[in-house]
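Heads up: the protein sequence lines correspond to chains P and S, in order.
The first sequence begins at 1 in UniProt numbering and counts up one residue at a time.
The second sequence begins at 1 in UniProt numbering and counts up one residue at a time.
Errors might be hidden in some of the hints.
As the list claims (entries may be wrong) - Cross-link-like lysine-lysine pairs, in silico, DSS-like; alpha carbons within 25 Å at most:
no., chain 1, residue 1, chain 2, residue 2
1, P, K32, S, K23
2, S, K23, P, K14
3, S, K61, P, K23
4, P, K73, S, K57
5, S, K31, P, K32
6, P, K60, S, K61
7, S, K8, P, K16
8, S, K57, P, K14
9, P, K314, S, K34
Quick caveat, the hints were computed from the structure, so don't treat them as lab data.
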Amino acid sequence: MAAQEVQPSETIAKLKSESEALKTKLEEERAKLHDVELHQVAEKVDPLGQFVMKTRRTLKGHGNKVLCMDWCKDKRRIVSSSQDGKVIVWDAFTTNKEHAVTMPCTWVMACAYAPSGCAVACGGLDNKCSVYPLSLDKNENLAAKKKSVAMHTNYLSACSFTNSDMQILTSSGDGTCALWDVESGQLLQSFHGHAADVLCLDLAPSETGNTFVSGGCDKKANVWDMRSGQCIQSFETHESDINSVRYYPSGDAFASGSDDATCRLYDLRADREVAIYSKESIIFGASSVDFSLSGRLLFGGYNDYTINVWDVLKGTRVSILFGHENRVSTLRVSPDGTAFCSGSWDHTLRVWA
Amino acid sequence: MARDMSDKDILKMEIEQLQKEVKNTREPVSKTAKELCEFVEAQSAEDPLIKGVPEDKNPFKEKGGCIIT
Numbered sequence: 001m002a003a004q005e006v007q008p009s010e011t012i013a014k015l016k017s018e019s020e021a022l023k024t025k026l027e028e029e030r031a032k033l034h035d036v037e038l039h040q041v042a043e044k045v046d047p048l049g050q051f052v053m054k055t056r057r058t059l060k061g062h063g064n065k066v067l068c069m070d071w072c073k074d075k076r077r078i079v080s081s082s083q084d085g086k087v088i089v090w091d092a093f094t095t096n097k098e099h100a101v102t103m104p105c106t107w108v109m110a111c112a113y114a115p116s117g118c119a120v121a122c123g124g125l126d127n128k129c130s131v132y133p134l135s136l137d138k139n140e141n142l143a144a145k146k147k148s149v150a151m152h153t154n155y156l157s158a159c160s161f162t163n164s165d166m167q168i169l170t171s172s173g174d175g176t177c178a179l180w181d182v183e184s185g186q187l188l189q190s191f192h193g194h195a196a197d198v199l200c201l202d203l204a205p206s207e208t209g210n211t212f213v214s215g216g217c218d219k220k221a222n223v224w225d226m227r228s229g230q231c232i233q234s235f236e237t238h239e240s241d242i243n244s245v246r247y248y249p250s251g252d253a254f255a256s257g258s259d260d261a262t263c264r265l266y267d268l269r270a271d272r273e274v275a276i277y278s279k280e281s282i283i284f285g286a287s288s289v290d291f292s293l294s295g296r297l298l299f300g301g302y303n304d305y306t307i308n309v310w311d312v313l314k315g316t317r318v319s320i321l322f323g324h325e326n327r328v329s330t331l332r333v334s335p336d337g338t339a340f341c342s343g344s345w346d347h348t349l350r351v352w353a
Numbered sequence: 001m002a003r004d005m006s007d008k009d010i011l012k013m014e015i016e017q018l019q020k021e022v023k024n025t026r027e028p029v030s031k032t033a034k035e036l037c038e039f040v041e042a043q044s045a046e047d048p049l050i051k052g053v054p055e056d057k058n059p060f061k062e063k064g065g066c067i068i069t
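Just need the whole structure built from these sequences, with the hints factored in.
This is how it looks when you write it as structure tokens:
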């Protein structure tokens, strides 16, 4: 009896040391090519000038914490979702609300605009991702046309349409990501590899092929092949949950924001972390990150209510933006890079330019 | 699904994945970092948040006609 009790834990210990040995080997292989730092190569790059970025629009209307937002490809419409179950579509130029839907659940943590601009997807504590076609008729009841697409076994943390309105990629508290056909609701591919909740995902720019990156509570950022479902590369340098991941515009790198109060840049071809954006004075988690159009600036929304703007190449902070009165929970740069929008637990969204 | 897996299964999954990743091809940072910088420099000229947009051209900078307080 005693022997049987000892065995399982020995096997786990053996597996653990095998895993640690492989991780060490992987780091050694990566270190061999770590011949210079990004900021050293960037010394030759011209420094940035002074930045004047202000809140240009404030979108008020949510009755509770704003959790997520996304831009429409038309560069003026925005969809946002909140803790009280409301999903609102805004015209950011005029600040008018164009559509509003009440979800049957609270904590709508994910929302996304369809590439056509004709539909939005959202979900949260209902464990589903639903698609609502947007009607031109403002009086039409959007909820009636709702289509349930994705089903997870835990909360939906993020969703994104792929290149068309026909497929949606989701990530969930159940530790998986999944690709779904919108029309039939069929599961096309599932992605297993995270050891805990997956909190965020981002699709590679279409020119770079069929991959996406996800980040989770296991402190890992994984890069996936969408067709095979395989994890291609994995990075584990953050010290806490990864709340946000975003591809660099060229597709050769991605940034992450974490509860460890840092944002980091990972170079996919060098297969390693190449920059850490942090300051001793920043002690609250970064909830959301996005790049400016050229990739020179990284905007990070933080739990201390601020937005820090980083010089991606030199690794320095170029600006700090105040305005929100509670955590910044979501942040996206507009499709043409002329502005960015932030959403906050203070119930508002702000457009900055 | 990860939540339903035993610690042992999670470790096995990790080991399998690590064995694959160790074999990935990589490029030196000196090469890739240079290319990242070149990409940014080529695009920076057209980055509206860096070069700025004249007040009359940017729809967000334009003041609304009517402000109701």
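Consistency of the hints with the structure:
In summary, the hint linking K32/P to K23/S is supported, as the alpha carbons are separated by about 14 Å, within the 25 Å threshold. Restraint check: the Cα-Cα separation between K23/S and K14/P comes to about 22 Å, which is no more than 25 Å; the hinted pair holds. The hinted pair formed by K61/S and K23/P fails the criterion: a straight-line CA distance of about 50 Å is larger than 25 Å. With a CA separation close to 19 Å, the supplied pair K73/P and K57/S stays within the 25 Å bound.
Taken as a hint, the K31/S and K32/P pair is honoured in the structure, with Cα atoms around 13 Å apart against an allowance of 25 Å. Between K60/P and K61/S, the direct Cα distance comes to roughly 18 Å. Compliance with the 25 Å bound is thereby established for this hinted pair. For the hint pairing K8/S with K16/P, the CA-to-CA distance comes to about 9 Å; that is within 25 Å, so the pair holds. With a C-alpha separation of about 64 Å, the suggested pairing of K57/S with K14/P is violated against the 25 Å cut-off.
A threshold of 25 Å between alpha carbons decides the hint, and for K314/P with K34/S the separation of about 12 Å falls inside it, so the pair holds.
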